[in-house]
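K.L.:
Below, each chain spelled out in residue letters.
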Amino acid sequence: MPQPLRWTVQRTIFHLLDEPVPALADPFPSDDPLPGAYELHLPADDVTIWYTVTEHAALAADASSRTAAVAASVSRTTAASAACLQTRRIRSTAASGCSPKFLCHAAGAATDAELPYGGVDRLRLRHGLGGRCVRWLKRGGETVPRAMRR
Amino acid sequence: MSAEASDLVSIPRAELEALKAELKRLRREVGRGVAMARIQADSGPGDDAPAFTREELAEAWGIRE
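Chains as they are written, first to last, in the working numbering: chain A, 67 to 216; chain B, 35 to 99.
Hints are computed from structural coordinates only; laboratory data are not their basis. Do not take every clue at face value.
[Said to hold, decoys possible] Residues from chain B shown here face chain A by an in silico Cβ test under 8 Å; the list is partial:
#, residue
1, G65
2, I73
3, A92
4, I97
[As the list claims (entries may be wrong)] So these bits of chain A aren't anywhere near chain B, every CB distance computed over 12 Å:
#, residue
5, V87
6, P88
7, A89
8, L90
9, P101
10, A103
11, A110
[To be verified] Covered stretches of chain A (chain B as the covering partner; in silico rule of three or more C-beta atoms under 8 Å from a C-beta of chain B):
#, region
12, 71 to 82
13, 92 to 100
14, 112 to 119
Since we're looking at a predicted model, the values are computed, not measured. Each residue gets a CB set at the ideal place from its N, CA and C atoms; glycine is no exception.
Could you put the whole structure together from the sequences, leaning on the hints where they help?
P.N.:
Rendered as structure tokens:
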């Protein structure tokens, strides 16, 4: 996936974590929507993101906090490239005073995902994320990335 | 890129644009199918998924707000 497209998708997903259902998002599929599933088309970038948002009971110690998950498939119609990313956020309650946390892992790849692992490895090294980071997977690379295995 | 004259065809621009639009529509339709399969098969991130603060994720992705 071209780097500019990856940036576009990452920025979009980052904002989806704060606003999971923006006005431009349509329920997906349109004829019989799945729970929490949306399609977001970005015409300026010719990119479509399909994603799901799910709420969970607290995983954190704070029982009153909630989690929101965003799982996204991405497709660019002009480049026929796609990738999949899954991100989960623990949304702390205002009363807790804690900073929001994002739980992240990549799901499998969708069609024609082309991102090499190298980009993520650079992130891990540069930012010192302890070998755990968001990854984009190649097509057919639906196995758990080595850096995320225990 | 070069092509032999015998490999070239001429079509009206309107037809070219229509074909491009149809290609986009078909690719998006394929994307919908892939997304549907993925949504239905996805079990969600495990509880041991790595955690980032908002700032860490923004830094990891190179996002400046």
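K.L.:
Compare the structure with each hint and give your call.
P.N.:
Tested hints:
no., hint, verdict
1, G65, "3 Å, holds"
2, I73, "5 Å, holds"
3, A92, "7 Å, holds"
4, I97, "6 Å, holds"
5, V87, "15 Å, holds"
6, P88, "16 Å, holds"
7, A89, "20 Å, holds"
8, L90, "15 Å, holds"
9, P101, "10 Å, violated"
10, A103, "6 Å, violated"
11, A110, "14 Å, holds"
12, 71 to 82, "holds (count 4)"
13, 92 to 100, "holds (count 3)"
14, 112 to 119, "holds (count 4)"
The structure fails hints 9, 10 (numbered hints given earlier, in ascending order).
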